[in-house]
Each structure stands twice: as structure tokens, then as C-alpha cells.
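Number of protein chains: 2
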Amino acid sequence: MQEHLSISKATVDRLPRYYRCLRQLTDEGVEIASSEELGRRLAINPEQIRKDLAFFGQFGKKGVGYYVAELKESIGGILGLDQHWNVAIIGMGHLGAALANYQGIARLGFRLAAIFDANPVVIGTRVGERRVEDIAYLAEIIAERDIQIGVIAVPAAHAQGVADQLVAAGIRGIWNFAPVKLRVPPSIPFVSEDLSVGLSALSYYLTHTSAEDGELSDKNLTN
Amino acid sequence: MQEHLSISKATVDRLPRYYRCLRQLTDEGVEIASSEELGRRLAINPEQIRKDLAFFGQFGKKGVGYYVAELKESIGGILGLDQHWNVAIIGMGHLGAALANYQGIARLGFRLAAIFDANPVVIGTRVGERRVEDIAYLAEIIAERDIQIGVIAVPAAHAQGVADQLVAAGIRGIWNFAPVKLRVPPSIPFVSEDLSVGLSALSYYLTHTSAEDGELSDKNLTN
Numbered sequence: 001m002q003e004h005l006s007i008s009k010a011t012v013d014r015l016p017r018y019y020r021c022l023r024q025l026t027d028e029g030v031e032i033a034s035s036e037e038l039g040r041r042l043a044i045n046p047e048q049i050r051k052d053l054a055f056f057g058q059f060g061k062k063g064v065g066y067y068v069a070e071l072k073e074s075i076g077g078i079l080g081l082d083q084h085w086n087v088a089i090i091g092m093g094h095l096g097a098a099l100a101n102y103q104g105i106a107r108l109g110f111r112l113a114a115i116f117d118a119n120p121v122v123i124g125t126r127v128g129e130r131r132v133e134d135i136a137y138l139a140e141i142i143a144e145r146d147i148q149i150g151v152i153a154v155p156a157a158h159a160q161g162v163a164d165q166l167v168a169a170g171i172r173g174i175w176n177f178a179p180v181k182l183r184v185p186p187s188i189p190f191v192s193e194d195l196s197v198g199l200s201a202l203s204y205y206l207t208h209t210s211a212e213d214g215e216l217s218d219k220n221l222t223n
Numbered sequence: 001m002q003e004h005l006s007i008s009k010a011t012v013d014r015l016p017r018y019y020r021c022l023r024q025l026t027d028e029g030v031e032i033a034s035s036e037e038l039g040r041r042l043a044i045n046p047e048q049i050r051k052d053l054a055f056f057g058q059f060g061k062k063g064v065g066y067y068v069a070e071l072k073e074s075i076g077g078i079l080g081l082d083q084h085w086n087v088a089i090i091g092m093g094h095l096g097a098a099l100a101n102y103q104g105i106a107r108l109g110f111r112l113a114a115i116f117d118a119n120p121v122v123i124g125t126r127v128g129e130r131r132v133e134d135i136a137y138l139a140e141i142i143a144e145r146d147i148q149i150g151v152i153a154v155p156a157a158h159a160q161g162v163a164d165q166l167v168a169a170g171i172r173g174i175w176n177f178a179p180v181k182l183r184v185p186p187s188i189p190f191v192s193e194d195l196s197v198g199l200s201a202l203s204y205y206l207t208h209t210s211a212e213d214g215e216l217s218d219k220n221l222t223n
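Protein chains in written order, with full-length UniProt numbering: chain A, 1 to 223; chain B, 1 to 223.
Among these hints, one or two may not hold up.
Just so you know, same-sequence chains aren't split out, so a pair can sit in one copy or run between any two.
[Stated by the list, open to error] Below 30 angstroms or equal to it, Euclidean Cα-Cα: the simulated BS3-like pairs (lysine-lysine) are:
| hint | residue 1 | residue 2 |
| --- | --- | --- |
| 1 | K51 | K61 |
| 2 | K9 | K61 |
| 3 | K9 | K51 |
Simulated from the structure, these hints should not be mistaken for lab results.
Please model the complete structure; the sequences and the hints are all you need to start from.
Here's what the structure looks like:
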């Protein structure tokens, strides 16, 4: 049992949000931030923030706040963002194309190493600096280019099949955009995105705010 | 001060996840689920779940569990998903097109009422059942069709301008996909999606799981 295994999933879930917030603070030129300031921006209880961050070591100074650059660097390291993961996107429909053009992937240090599709019309077309490759060569290319992360952007009906192919090819983790519950071996971590969560939260705020009522202003969400 | 204002943002954030989980349970034919079962699926402490749900009333029976259909219906109502919001997407690049084709919007009861773009080449083209309309008519169409939610899918450089136009047009809420921090009046709730959160979480699990180590299997994420 290693130490990291005792970190709760809820804490791990919050780390990327801390990281993003610290990146924003860096962009704004803020050098020191208190847990109260972080709490206000993230709408997380400051006590919870202190508890979460204390778990990973000593990043702040009592009564002063957290050093933004240092904390950002440390959380980035904890998140493994210093490891330059190689990523493959499978499925070059609109969603796949949007992801291939999404600059956040590169900004986090991830490298788009391959794009796959099964459609002969799409195979060979250019997306940014890459050409779409035939999914028939998936296993070969994943091994050759040392690709660790597979991004599933195919229609729901094909998602499990692609996941199976990725697993067989030795992928280490999966980022899934298909609205299905994937079955993958327990040793392969995966993250499924579901846009309905953000849209539902917005619906909640619309339902419970009247146009004249600014009370919820501090509760605006960034997922 | 109305009652709903005392619900914490953290609780509101979890409601859409409860809703999605209950939808999955419904699809699987599960009729009753304990807070432990929900906790296992969502990786949320069962105690936290009981606390969150108790806030909204009595949905379960001690020692039996929650009635899935009833709880799903109630949370859907709390989230305002029974209100049939009209939605407009602004920006018909790959992301906008992916969102226009995203079935989750309709599944939640939202109605895609308009699609806007500024590019003359794109205006007039068909996306599903709709035609892309000229953003010059944004205000007019939003009023005419009673559109409450604007989805920003334009490049970052144009996002604030579009947000300003939406606000001037009387939009009630904004779902933002541009990687910028929007400034909108406090009376307009907005949700910003940031895919880097999911990708960072995946990076964390890859960093802290070895290929032989299945220990993190219960911690797979669905954001």
C-alpha cells in the first residue's frame, strides 16, 4: 500500500481545479493567495482547501498565504503534468476535430501523437500538423510512438470496441467522450466526460435565480 | 433570503452527478439504491450523499435505500430539467457542430432553438434540423424564440464580445466553452467548461498507478 492510495478521490478531483485556478492567478500576476481567496474563486470551503493541500506537504505560510508559482508547480508535478504524455485521438468527427485543435492539451504538456479514424474518406486528411491514420494500424502505431493515452471520440455504438482495441494495444489510460459506460480492466484508469453535468448545473442556477436577484453571483460555476 | 440560497455550491455541483448516476441506474433497471451503492458509483462518501439529499427532503427509506425513479424525478425537478430551456449555440466550428449534434442536450429536455455564426461561408448551412443564422440577428432571434441559454463555442478572442452581445440581448444564462474568464453581470449565471480538468485527473491516475497495480480500479473517474 503506497501513500498515494490513501488520498481520497474527492481530493484528487479537486487538484485539477486548484491547478487551473493557480494558472489563472499566475496569468493575472498574483504571487500570493490565501485559502480564502482560492476558496472564493473555486467556491470551495477554505478549510477544505487547507486540508487538501496539507496532504501533499507544506506549500503555504501561516497568515501569509500560498506562494502561487510554487504551489502551481508542485500540484502540476503531483498531477503528473511534467511527464509529457503522448496522446492519440480516435474518431475524427466534429468532436475529435475540436479536441485535436484544443490548445489546452498542449498547454498541459500533452503531445498529440496520432489521430485515427475508420472512414476511408477521412483517413489521410490533415488536422493541424498531423494526418488522420487508419485505425487498422492502431496497435502498431501506439507501440511505435509510445502513446499512453487514448481519447475516444467515436459514436457511442463504437466506443466499447475502440476501448477494447486500445486496451489490447497496451494503452495506459483512456479519456472517454462517448456517452456510454465503458468496461475496461481495473488497471487502466479512465475519465469519462459528460457535458450534461455542466448543463444541468446551469439549469439549476437559472431555476433558482430570478433576473433581478444577484444573490447567486458568487456561485457562478467553472467546472 | 430564500431557502435555496443556503444550499452550498458544493452540494449543487454534486446534484447533476447524482442525476446522471440515477439515470444510469434507471437504464440498468435498478429500482432501489442505497447511499453506499451511490457512493461506490460516484466515489462520494455515503454520509455526504445522505446529507446532500436530506437537504431536499425525504427521498429514501432507512435500511432500504432510495427509490431510484422517484429520486431521479425529484432531482431533475430541483435542477430545473422539467422546464424545457431554449438554447442557442454561437460559433459553428468543430466544437459548435459537435455540441449541435450532442444528444445529451435534447435528452435533458433542452431545445436547440438557434445556431449562430459570423462567417458568411457558414451562415445558411444546415446542421441537423437547423440552419446557421447570421450573428447580426442574435438579439432579434433570442427575443423572438424566447431563448434563455447561450452556448459560447467561438474562439477565445471573440468569447467576451459574444458574451456581451448575449447579455445585451437579455440572455438568462451562459454555457461557455471558450478558455477565457468571462465577465458577465452577477445576475447572469454561467458555467465554464474546462477540459483540462478531466485530462489532468487522468494524468494523476496514470502517474500514481503502475500497470500491474489494480488498486485504483474503484477510483476511475466520471467527471
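Okay, which hints does this one fail, numbers in order? The structure breaks none of the hints.
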